[in-house]
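2 protein chains.
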Amino acid sequence: MKTYLNPSPEQWPLLAQRQTVASADLNETVKSIFNDIEKRGAKALKKYTQYFDGVTLENLKVSETEIEKAAAEVSADLQKAIQTAAENIKRFHQSQKEISKKIETTSGVFCWRESRAINTIGIYIPGGTAPLFSTVLMLAIPAQIAGCKNIILCSPPDKKGNINPAILYAAQLTGVTQIYKVGGIQAIAAMTLGTDDIPKVDKLFGPGNQYVTSAKQYAQQLGTAIDLPAGPSELLVIADDSCDPEFVASDLLSQAEHGGDSQVILITNSEKIVSKVTAAIEQQKAVLPRQSVVEKALENSRALVFETIQKGIEFSNFYAPEHLILVVEDAENKIGLIENAGSVFLGNYSCESAGDYASGTNHTLPTNSYAKNYSGVSLDSFVKKITFQKLTSKGLQNLGPTIELMATAEQLDAHKNAVAIRLQKLQNGDYN
Amino acid sequence: MKTYLNPSPEQWPLLAQRQTVASADLNETVKSIFNDIEKRGAKALKKYTQYFDGVTLENLKVSETEIEKAAAEVSADLQKAIQTAAENIKRFHQSQKEISKKIETTSGVFCWRESRAINTIGIYIPGGTAPLFSTVLMLAIPAQIAGCKNIILCSPPDKKGNINPAILYAAQLTGVTQIYKVGGIQAIAAMTLGTDDIPKVDKLFGPGNQYVTSAKQYAQQLGTAIDLPAGPSELLVIADDSCDPEFVASDLLSQAEHGGDSQVILITNSEKIVSKVTAAIEQQKAVLPRQSVVEKALENSRALVFETIQKGIEFSNFYAPEHLILVVEDAENKIGLIENAGSVFLGNYSCESAGDYASGTNHTLPTNSYAKNYSGVSLDSFVKKITFQKLTSKGLQNLGPTIELMATAEQLDAHKNAVAIRLQKLQNGDYN
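Keeping their order, the protein sequence lines are chains A and B. Residues 719 to 1150 in this note's numbering are what the first sequence lists, from first letter to last. Residues 719 to 1150 in this note's numbering are what the second sequence lists, from first letter to last.
If you are wondering where the hints come from, they were derived from the structure by calculation, not from laboratory data. Where hints are given, some of them may not hold.
[Unchecked claim] Short derived list, chain A residues pointing at chain B, Cβ under 7 Å:
1. F770
2. K819
3. I836
4. K1090
5. N1091
6. K1108
7. R1140
8. Q1142
[To be verified] In silico EDC-like pairs for lysine to aspartate or glutamate, Cα to Cα no more than 16 Å straight-line:
9. K820(A) x E816(B)
10. K867(A) x E1057(B)
11. K867(B) x E1057(A)
12. K815(A) x E832(B)
13. K815(B) x E832(B)
14. K1029(A) x E1047(A)
For every residue, glycine included, the Cβ atom is placed at its ideal position computed from N, Cα and C.
Construct the complete structure from the given sequences, taking the supplied hints into account.
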């Protein structure tokens, strides 16, 4: 982790740079798999599953029996932990429900909006050694609260043709309606286009490697909404003397273990803190199993020392971190200064892993400086907000002349006429 | 307008089809203009303005003097109408402000979210004969309420090098911070990349032709957020005997005059209503100036007769119209059935043009069935919602074991360690 003292604003763009992974242009691969699945459906899906996941499957759909059996394999302790996390996530996302307010903008003109669930959503959960059941909670719980009718989950099977029991347990607990053993580009293609088995979804959620990311981008071009643009995970910690350097070190490491392309940034107003945190990182790192991953991530990471915490927050706004830990004196009174961040953790006891798993906030967040223009996943991500309006005859009489004038000025005569014809009948006394 | 009696669900996909405009692949054109503007900035902008808009400009930025002068050219009546509309739009969008609620999900674990304005937004307003000042109101007013620091507006100049006075008046009224005389792909490129003159924006808003649409898609690939995927405008009217057929006809025509690619759909439970509406359309159409446009739009349009209004609403949900007028008995009690729509107008006096201009709702709405998975523009479109959390030491003690168990099961040891190291110190009595 290289240290920079009082970097000047000219240096900021370089210091805010993420590691750019030279991603292969996967467009052609993605298109050809989409075309194949559009033409041959389940047959093509099974072929790709055989090829990429090394397993021949009769049925892609996970049966009720399989789910029950798998759930029983999850230890009682882990079941309880997942339940606790699920309750917190539910509580927080339920608080995001919007209460409809009817506004009378002009006398007799009433406007309001109401939320409606997106009908069918698709959740992609990557395979690999670690089962990301926490992401199932983060996506299926708000979908369930929103009232999505179909909550589809796709995840690649292991060599034995199974999905990890913890994923199935979490899916069952959170109201996922259908689960399919299919991964990669082919899973995204199936949910985008629909097959005989797998329903076409309205919106796609979930993380994935560069193949999945490319496939989601292509899906978006075809009209399927997606949760967020993708990028490697990142953490920025702003710490002053009130921090415990060992805690800070543990948080930076928890982010670094996500992948070699992760980035962690430490911002402080004291060089001493940098030394202490660096020393603690060396010590804690020694016992971690994913050392090579952590070391690779730390190579892309930086410590920045600013004269004031306020200047540090300015840099943080420029960087727009996915996760921001603010462990400074009087942290809660400084949050007004925060402009760009995915999720913010305040004080010594709010470690990032609390939000990753169980505090209740969502862990699907904007990376790669997208916190400047995107929000993380929330209940909002699973609904559309529809506006409604009702004008009474009086309301139209009050507002009509305004509309007529504006329509005329925009040279839209039929727009004007829609008002004029009504006002005329009202004036004639045909209505009241 | 062709009529269909009780179309079967098998026919619905065909009946819900929008007119597909064979759009040229503009990717290469878009990329080359973006590249040129990235390299040569204002010089390239001026070149394209000369080429596409036929005018040579010294300054692309509209000066304060020009704005003042133009505003004075707008008639007092139109100024007042714009002000009235602006007040209603402000009132309704202000009601969309979210009040932050702090939730204690577990004892000692506090989660909440707060909105922050997107810093810099770009508004594109097309040129042409009709000045779309109403779109300025719809985009700049919520941006101002959100607190966006820079509200940039680009619009192509006319042959004399001017932007329509009504657009400048609306921009001045609604807090637009900078206005530039630049249009088309080059305007979108300038706002996406930034030039010496024009700031790089975080999010792009506004309508446009296929060139602008392609450029916005490309901007999105480069990381700039956009308001909505584009498509031709559309209206679906559901009417029963309680409707006034002349009013319905006027609404269908107001939609049809937008463009030859617009679509209008009439749904009713009575063939008589179709005849009456069709007759009224013929009559009203005769006096409209944009007759050829209207006729072209009506060619893509349909009347569907269902046995019940409820069935008609089902079709409407399948179609997912941008605008939906519901003029049926007891309309307000039927809105619970509406699942997919951009904006809904209830009863005989709620004509679409009210929402297009002045009632207060936004007119930037999802078209082309995107109402299934996208909301229209609202205050939400101009903010990010950042989550915050604070765990007290007790909070971490309560939730810590849950996080540790989940992190272990996901094989993320450093995530577990971030909790363990804190719990250990608390147990040692180092903190309280």
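Check each numbered hint from earlier against the structure, then list the numbers of those it violates in ascending order.
When the structure is compared with the hints, numbers 1 and 8 turn out to be violated.
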